[in-house]
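Line by line, the protein sequences are chains A and B. Counting in this note's numbering, the first sequence runs from 1 upward without gaps. Counting in this note's numbering, the second sequence runs from 1 upward without gaps.
To be clear, the hints were calculated from the coordinates, so they are not data collected in a lab. If you're wondering where the values come from, they're calculated on a predicted model, not measured in any experiment. Hints may contain errors.
Simulated crosslink set (DSSO-like; lysine-lysine; CA at most 27 Å straight-line) [stated by the list, open to error]:
1. A:Lys100 to B:Lys85
2. A:Lys100 to B:Lys69
3. B:Lys69 to B:Lys13
4. B:Lys8 to B:Lys90
5. A:Lys60 to B:Lys13
6. A:Lys60 to B:Lys90
7. B:Lys69 to A:Lys76
8. B:Lys8 to A:Lys60
9. B:Lys13 to B:Lys85
10. B:Lys90 to A:Lys100
11. B:Lys69 to B:Lys8
12. A:Lys71 to A:Lys60
13. B:Lys90 to B:Lys70
14. B:Lys8 to A:Lys76
15. A:Lys76 to B:Lys85
16. B:Lys85 to B:Lys69
17. A:Lys74 to A:Lys60
18. B:Lys70 to A:Lys71
19. B:Lys90 to B:Lys69
20. B:Lys70 to B:Lys85
21. B:Lys70 to B:Lys13
22. A:Lys74 to A:Lys100
23. B:Lys70 to A:Lys76
24. B:Lys13 to B:Lys90
25. B:Lys70 to A:Lys100
26. B:Lys8 to B:Lys85
27. B:Lys70 to A:Lys60
28. B:Lys13 to A:Lys71
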Amino acid sequence: MNENEEKTGLGALGEIDRLVHEPARTAVMALLYVVESADFIFLMNQTGLTWGNLSAHISKLEAAGYLSVEKSFKGKRPNTTLRLTVQGRQAFRRYALQMKQAFRDFEA
Amino acid sequence: MNTQLDLKELERKAFRATYQDGLWDLYFGLIVVCMSIFIYRPASGYSPLNIVLALCAFGVAYGLFWAGKKFITLPRMGQVQFGAKREMRKRTLIIVLSVVVAIQVVLVALQLVAWANPEVGARFSSLIRDRNVMDLVVASVGALIVGPSMILVAFFRDFPRGYFIAVMIALAVFLMIYLNRPVYPIIIGALIALPGLVLFVRFLRNYPLQREEAFHERE
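Pulled out of the complex, with its shape left as it was, chain A reads as follows (with noise of 0.2 Å):
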């Protein structure tokens, strides 16, 4: 951080988390956080995403080490659930309460 940024606070910015700062990614990270675990489909009928989108995004965020994947069979269909992992919450509240604080006196 430099001396310029150190003065404005804008050195914050700089720490937030970029993997879940993105629009995609965080909708479906705020998802996982709600709720226990979903599927692909419901993620993706709830997200508004498209397969190939919601596909690369969860690829990300698994790779991160936010997301596990679970891949089954529901009889014949085949099923991939997906949950927040430990980690992939504590980021997600981090990266809320970073958000909050960067905009706290944005009303003001």
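Since the structure of chain A is already known, use the hints to place chain B on it.
Structure of chain B alone, referenced to chain A:
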């Protein structure tokens, strides 16, 4: 902006999305129609066949509801598991409804005792001599058991349309017992099912069948 409130709203919306298929409305509508057809008092009096047919009809209604959820809703909408709070509410509802069912069992048992022992029955009926007043009391008790039970279901299951269904079911039970004509409760059952049918058609349009094989097979 309050983060906590927004997340609560998000959870609520996700939960209520599971009612978008209208299957609950169709199920309760069907239950009221079955009840109207099989449980009203025939002129010949109750027969075991009435009870057997009613139970079969309820079973068929539940079977249709279950099949609809499993084969139509879930492949289109996807599956979700909600948190501990929702599970707790579900368990509380089961306990509360168990108490209501226990009260109903006691009332039915009293009725059976009255039928089996004419002396006891006469003692009961001597309290209210007028047949119309007796019907009114029985109809009111029936409606007061069924209506609030459904209100509890609507409250604990966070199902806003359930309040409308509660009022309609209570009215159906009241009319079924008091007027003893199945036509009115059948109309009420249809009124309960109608919004469900509209929602169901809309659901089929808005939620086409999804495939997730490609994501599933990806390494």
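To see whether the hints hold, each was checked on the structure:
no.: 1; hint: A:Lys100 to B:Lys85; in the structure: 26 Å, holds
no.: 2; hint: A:Lys100 to B:Lys69; in the structure: 40 Å, violated
no.: 3; hint: B:Lys69 to B:Lys13; in the structure: 19 Å, holds
no.: 4; hint: B:Lys8 to B:Lys90; in the structure: 18 Å, holds
no.: 5; hint: A:Lys60 to B:Lys13; in the structure: 26 Å, holds
no.: 6; hint: A:Lys60 to B:Lys90; in the structure: 35 Å, violated
no.: 7; hint: B:Lys69 to A:Lys76; in the structure: 17 Å, holds
no.: 8; hint: B:Lys8 to A:Lys60; in the structure: 26 Å, holds
no.: 9; hint: B:Lys13 to B:Lys85; in the structure: 15 Å, holds
no.: 10; hint: B:Lys90 to A:Lys100; in the structure: 33 Å, violated
no.: 11; hint: B:Lys69 to B:Lys8; in the structure: 25 Å, holds
no.: 12; hint: A:Lys71 to A:Lys60; in the structure: 17 Å, holds
no.: 13; hint: B:Lys90 to B:Lys70; in the structure: 20 Å, holds
no.: 14; hint: B:Lys8 to A:Lys76; in the structure: 35 Å, violated
no.: 15; hint: A:Lys76 to B:Lys85; in the structure: 32 Å, violated
no.: 16; hint: B:Lys85 to B:Lys69; in the structure: 23 Å, holds
no.: 17; hint: A:Lys74 to A:Lys60; in the structure: 25 Å, holds
no.: 18; hint: B:Lys70 to A:Lys71; in the structure: 19 Å, holds
no.: 19; hint: B:Lys90 to B:Lys69; in the structure: 18 Å, holds
no.: 20; hint: B:Lys70 to B:Lys85; in the structure: 24 Å, holds
no.: 21; hint: B:Lys70 to B:Lys13; in the structure: 21 Å, holds
no.: 22; hint: A:Lys74 to A:Lys100; in the structure: 41 Å, violated
no.: 23; hint: B:Lys70 to A:Lys76; in the structure: 13 Å, holds
no.: 24; hint: B:Lys13 to B:Lys90; in the structure: 18 Å, holds
no.: 25; hint: B:Lys70 to A:Lys100; in the structure: 41 Å, violated
no.: 26; hint: B:Lys8 to B:Lys85; in the structure: 12 Å, holds
no.: 27; hint: B:Lys70 to A:Lys60; in the structure: 31 Å, violated
no.: 28; hint: B:Lys13 to A:Lys71; in the structure: 26 Å, holds
Of the numbered hints given earlier, the model fails hints 2, 6, 10, 14, 15, 22, 25 and 27; all others are met.
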